[in-house]
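> Listed below are the residues making up each chain.
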Amino acid sequence: MSLEEQQSDEPAELESGVSRGDELADLLGDLVVGREEHMNAPGLVIRPDEVQDALFKLRDEAGFDHLSCVTAQEYEDRYESIYHLTKFDDRTDEVSVVVPTSKDNPVSQSAEPVFRTADWHEREAYDLVGIQYEDHPDLRRILLPETWQGHPLGLDYDQDRPQIATLREHANPLEEDHRAGDSNTMYINIGPHHPATHGVLHVETVVDGEQVVDLESDIGYLHRCEEQMCQQGTYRHQIMPYPDRWDYISAGLLNEWAYARTAEDLADIEVPEYAQIIRTMSAELCRIASHMIALGTFALDVYGDFTAIFMYAMRDREIVQNILEDLTGQRMMFNYFRLGGVVWDLPEPREEFFEKIRDFLDGLPQALEEYHDMITSNEILQARTVGTGVLPPEVAKSYGATGPVARGSGIDYDLRRDDSYGYYDELDWDVVVEDGCDNFSRLLVRMREVEESAKIIQQCVDLLEDWPEDERNIQANVPRTLKPEEDTEIYRAVEGAKGELGIYIRADGTDKPARFKIRSPCFSNLQTLPEMSEGEYIPDMIASLGSLDIVLGEVDR
Amino acid sequence: MSSEQKPFVTDDTQVQTETRDARMAGADDRFNSKLREAFGSSPFILTKFDKFMNWVRGSSMFMLQFGIACCSIEMMHTYAIKHDLDRFAAGVPRASPRQADVIIVPGTIVSKFAPRMKRVYDQMPEPKFVVGMGSCTISGGPFQEGYNVIKGAEEVIPVDIHIPGCPPRPEALIYGIAKLQERIANGESSPVTVKPYELEQFGDLERDEIVDKLAAQIDEDDLVMRYNWADSP
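So the protein lines, in turn, are chains A and B. Here our numbering is used: position 176 in the first sequence is 187, and no number is missing along the way. Here our numbering is used: position 18 in the second sequence is 1359, and no number is missing along the way.
Isolated chain B, as found in the complex (with noise of 0.2 Å):
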């Protein structure tokens, strides 16, 4: 501000220039952040409104509270003090999926719980992103060879960013929550296709053995999920 300036009168525009000035360089310089770039002096810019979307969306997301096993605890971790997911964008931990973008699947998956993950993950709207953290979402992780575990979430839901380690550090899932964001900005998500375990109605089951030898005790239009342990990887 000009000291020469009356008291008592102010001039609008002069302001108004002032203050851009100000916030384009030199002394307020915390403004000078890429959209006041890409703004430069007009108020106006110029993008496709998906590209908006998406940027949208990658900046705020809201996280399923979900937690399942042992990384959940790192996931605590990474949302509590110290690490605060939140200054990412990507903070707050919602209670209903229906109210949540990404779920961060935080252990190993087993037979009972797969069926149940899937209901959530339903649940949630789209556009819908997924973070499998731990090496239990990858592959089953160190209880791979169990009789009961799911030998990875991709066998149930489509996961767009893997995060490896047996926890990973909250580091690391801060890393991959921050490359899910760049991909959520650039409009890329994994591609929901038909997983190998599908939540079906029992009477769509092809009738084998096992099928057969159940009938009497489920329902024709229980939804059941069929594992193929043999089969899997």
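Only chain A is shown next, with the shape it has when bound in the complex (with noise of 0.2 Å):
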């Protein structure tokens, strides 16, 4: 049995015998001028100056609120930029709106006016494709540094060329000198070497007094090609190490699922049963243990030292790190799944290992309320959290926020049950949502998350521990080499542990993509901090950032 074969190949037909793609081809009209498949969704082809009425048609009028993805690329004769779109409430509904550019003059309409989170996507199109957005409000290099020569996944690009790269003076945007003496507000860069950012993150703050006034985030400091990388290295094995240093916060198994998840979709795979628990069993894992160092950080940010709930937090990851070694015999970099399951078997004796995990999982409860103790009930961290950083549902959903970020805003959004894959279906689980959309209840949903991870995790340990030994089959049988055929497109994504990773491949009938294009959660997420930060106080910026709970390997890959 496979659940990833629930969402099928086939453009699904309605009951008229309709498919979706003709009936949102009839919606629109005559904007579209072609139609493509895509194994996701029905792609609809639109004309590169007519992507705005395209898309607010179907915003409006069919639903589409949720902007996933941004996918650029460059064929031998055009560019286009996929716009890959689906629904908060039914995210097994969606549509890939593809805009083709000529080489010559790539120039196509910005869809920044219909999703705000097409400013960053369309930003790295620009920077990494070269595609030109029109009535883009701010279009620069974003990953890059501006300085950069050329478009590095365009085709003709040279990576031998030097470059050079500068260390400029930052200016306050919003004056002329910022050093000059009666002015009332002040520039400050935060990072990118700071501890409040969370790695190499660079937020450019104008303040006024202690109040932010203009705050943009800079990225780019850790952008190490991911995706060139992927672009580089083979179906089979070469790219499931990749995913481990996206979301490198020990969520390694969750990005291997998302590259496994939509790699098995393309080619036709099917993943055993018992595979599926060990990973939905592990995955989980790894999700507790992101929100620990999520919780312990968050901590760190708001009461500014190495005290007790950090050191608490990595006291249970490591627990947690020890049972995935067990697992996986690496602490962090697991590189655990194959294409078709997963690469070996549990640990024997099986027994120690199941008692490990119950263990763990019987000390969570008391952990937590430990937790809830220090940080829920704490007063000075309700004044810090309580009412900071507002981030209403309707700014989130067209900032394409997702994850815990999203489910604190009071959106019911998870992709483990509302697309379901891997054996999340059969279990019995909650998806948590609180609806305070400030940042105590983006902390909360992460901790209540816990609780429900370690509901997982019990009810599928309890699942393996009755497997019949002569039916643990861990992987399915795969070809050595993969190559899917010429011009199949897909868009897949999972529950990361900061919400929706997807992926996106062309394949071009070669055993390596074509395209590799990654969606990662913290990217849209960081989006939003202006929206929850400008006009608060510094010191809750920071909180609202820590609440985010960003990883920058995945924001800038």
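Since the hints were derived computationally from the structure, they do not count as laboratory data. Warning: the hint list may mix true and false statements.
Stated by the list, open to error - Distance condition first, Cα-Cα at most 30 Å in a straight line; then the derived DSS-like pairs of lysine-lysine:
no.	chain 1	residue 1	chain 2	residue 2
1	A	68	A	98
2	B	1392	B	1492
3	B	1469	A	523
4	A	68	A	114
5	A	114	B	1459
6	B	1536	B	1459
7	B	1520	B	1469
8	A	367	B	1423
9	B	1389	B	1492
10	A	466	B	1459
11	B	1492	B	1459
As the list claims (entries may be wrong) - Covered stretches of chain A (in silico footprint by chain B; criterion: 3 or more residues with CB under 8 Å from a CB of chain B, positions within the stretch not fixed):
no.	segment
12	166 to 178
13	224 to 236
14	320 to 327
15	507 to 521
Said to hold, decoys possible - Computed far set for chain B versus chain A, every beta-carbon distance over 10 Å:
no.	residue
16	1354
17	1398
18	1400
19	1442
20	1456
21	1488
22	1520
23	1527
24	1531
25	1568
Note that beta-carbon positions come from the ideal geometry of N, C-alpha and C, so glycine has one too.
The task is to assemble the complex, starting from two chains supplied on their own in separate frames and drawing on the hints.
Next comes the structure, spelled out in structure tokens:
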């Protein structure tokens, strides 16, 4: 049985016999100039100067309110931007809006007026591939230095050319000269080396007294070419180690699952049920580890020292990491999933392994009780987080926020349930939603999700324990070399620790992907920071940043 | 203490002698450190002052709180409970480079970040030491072929200790730091040489094609780093 197969490769047929693609093409009428068929969704080809009309229609009349990802790529004869649209209410209803542009004039209309999230996605497309977006409010490079020459994911890019990166003194955008004596605002660089930015994020802030007037996140300090690396690797084995390093806060298996799911759907591989249960269990362990560090560093940001909460969170993480090490042989970079299953079975003796997990799960309620005593019921933390960093649901949707950030804003959206994969369907657990929309809610969502993950792991352990010995099938039969058919395109996502982690792959008939695009949840979530912080106090901005729980490896990729 | 001693009468010299004897051997063994051995019964040791300073430096290192990528998570684990780097007199992470002796470079360095890292390194007071953590700081690691990735921290700043691994386990990091302490105590550290990628003023660069092209965009006085990917290892 394979749950992956529930999302069929054929266009979804409605009762009347009209496919979803036809229906949407009818809705858009003359705007559609062609049709494509992607494995996950129908593709509608739109002229580059009518993008906004088409997207407005799809958003307002067909209800596609979630721009999950924007993929840009270069073909031999054209450039192409693909807008992967879906719905927060119904994740399986997807459509790809394909916008081809000519080689000599790669100008396409921006989708930014329709979906705010397109801002950064299009900047990235411009930066890496070289498509220009008309009407874009601020089309600059986003990941690479401003002085970079060429667009590295374009076809004719020469990687050996020298480059120059500047270390410029950053200027206050609100003033001519920020050293002037009579000004009221002050320009502050937070990062890229700063303890509160969780890595190498650079936040350019302009403050008036203690209030943030203007804020811009400058990313790209950890842009280590993940997409290029994946495009250079073969499907079967060479890509799998990289997902571990996107969201490196021990969410490795969740990321690996994103690639495994996409590639398995692409190559039509069925995963044995037993392997799915192992995947589900280990992925949820990763989620706990990841949320623990989110908790610890959030407390670190708000209280400001390496104190008890951070150490307690690390203590619980160590236990999870030990379990995962027993299973995978690695503390962080697991490389445990394979296409069609997992690499090896549970460690022997199995009873000992299960007991270790059970011990951890038994101790968890008490540990969480401790956290609640120290964190959520603490007046100082409440004063700092309740009502600060407010992110209304409409804004969150427009920015494509997902994961705990969306669920903390009352958006009931979780891919594990809405677009189910693995073994989640068969298990009994709940999606955690809080509607406070503030930093506190996001913290609470993570803490309660740990409980839900524990429930899932518990059930998986019970299932695995009783699994008949001769049916422990950990891997499907997968050919040594995978060569998906030419021009098959697929976009699939899973629920990572930070939100919707999607991957777009276009196959070109070889054993390596022609285009490998990563939709990182943190990239979209981080975009909401100005919405949450402008007009607020600086410390609240730090708390908001902590509550977003970004990881720069995934933001920059 | 002798039980026959009368109460309320204290012989100062005797107490001192007894305490010293107790520390030297037997009863109170924890005082039998190397230092105590060196002292013997005399309160003096003979050493060179710079040797003493080296020993002090190695025994009290302030690390820079500096997270880049994956390795920084293992670095946090090394600072936190269970591994607790503080046991080895090298624990306290300082947020400001001006208060730090050692910078652990925990992750991949990309073109945009290298000038910033160089700036942070330059801000640290002398003497300063660098620990390169993980494969990325050795050669670029799994991302070596990336268009944006610097092929090792050594291209930008001098590195004293390389710790291989992706990421290295906390035990490995502790071992690396212990090795660094050993080196420092012996008065060794990497010579500061001119690195392939240096921060310099844009106006000082050789006028080639790319410099001409960027001349309109970059101020002459701006600090820049020029990368030559073709010549990188």
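> Does each hint hold? Answer for all of them.
Verification of the supplied hints:
Straight-line distance between C-alpha atoms of residue 68 of chain A and residue 98 of chain A comes to about 14 Å, which keeps the hinted pair within the 30 Å bound. For the hint pairing residue 1392 of chain B with residue 1492 of chain B, the CA-to-CA distance comes to about 35 Å; that exceeds 30 Å, so the pair is violated. Of the supplied pair hints, the one linking residue 1469 of chain B and residue 523 of chain A is violated, its CA atoms being roughly 45 Å apart against a limit of 30 Å. Simply put, residue 68 of chain A and residue 114 of chain A have alpha-carbon atoms about 28 Å apart, close enough for the 30 Å limit, and the pair holds.
Taken as a hint, the residue 114 of chain A and residue 1459 of chain B pair is broken in the structure, with Cα atoms around 39 Å apart against an allowance of 30 Å. Proposed proximity of residue 1536 of chain B and residue 1459 of chain B is supported: the alpha carbons are some 11 Å apart, at most 30 Å. For the hint pairing residue 1520 of chain B with residue 1469 of chain B, the CA-to-CA distance comes to about 15 Å; that is within 30 Å, so the pair holds. With a CA separation close to 18 Å, the supplied pair residue 367 of chain A and residue 1423 of chain B stays within the 30 Å bound.
Taking the CA atoms of residue 1389 of chain B and residue 1492 of chain B, the gap is near 40 Å; set against the 30 Å cutoff, the hint is violated. Proposed proximity of residue 466 of chain A and residue 1459 of chain B is contradicted: the alpha carbons are some 47 Å apart, above 30 Å. Between residue 1492 of chain B and residue 1459 of chain B the alpha-carbon distance is near 15 Å, which keeps this suggested pair within the 30 Å criterion. With 10 residues carrying a beta carbon less than 8 Å from a beta carbon of chain B, the segment 166 to 178 of chain A meets the three-residue requirement, and the given coverage holds.
Taking a C-beta to C-beta cut-off of 8 Å, the segment 224 to 236 of chain A contributes 6 residues in contact with chain B, enough for the three needed, and the coverage statement holds. With 4 residues having a beta carbon nearer than 8 Å to a beta carbon of chain B, the segment 320 to 327 of chain A meets the requirement of three or more and the stated coverage holds. Figure legend: the segment 507 to 521 of chain A, annotated as covered by chain B; annotation inconsistent (0 residues with Cβ-Cβ distances under 8 Å, at least 3 required). The beta carbon of residue 1354 of chain B is kept farther than 10 Å from every beta carbon of chain A, the shortest such distance being approximately 47 Å.
Look at residue 1398 of chain B: its CB is around 23 Å from the nearest CB on chain A, clear of 10 Å, so calling it non-interface holds up. For residue 1400 of chain B, the shortest C-beta to C-beta distance to chain A comes to about 21 Å, beyond the 10 Å cut-off, and the non-interface label holds. Distance check for residue 1442 of chain B against chain A: the nearest CB is about 16 Å away, which clears 10 Å, and the non-interface claim stands. With a minimum CB-CB distance of about 4 Å to chain A, residue 1456 of chain B fails to clear the 10 Å threshold, and the non-interface call is violated.
For residue 1488 of chain B, the shortest C-beta to C-beta distance to chain A comes to about 5 Å, within the 10 Å cut-off, and the non-interface label is violated. A cut-off of 10 Å between C-beta atoms confirms that residue 1520 of chain B is not in contact with chain A; the least separation is 21 Å. The claim that residue 1527 of chain B is not at the interface with chain A holds, since no C-beta of that chain comes within 10 Å of its own (minimum 30 Å). With a closest Cβ-Cβ approach of about 21 Å to chain A, residue 1531 of chain B is found to remain outside the 10 Å limit, as its non-interface label requires.
At roughly 5 Å, the least C-beta separation between residue 1568 of chain B and chain A is not larger than 10 Å, which violates its mark as non-interface.
In terms of the numbered hints stated before, the structure departs from hints 2, 3, 5, 9, 10, 15, 20, 21, 25, listed from lowest to highest.
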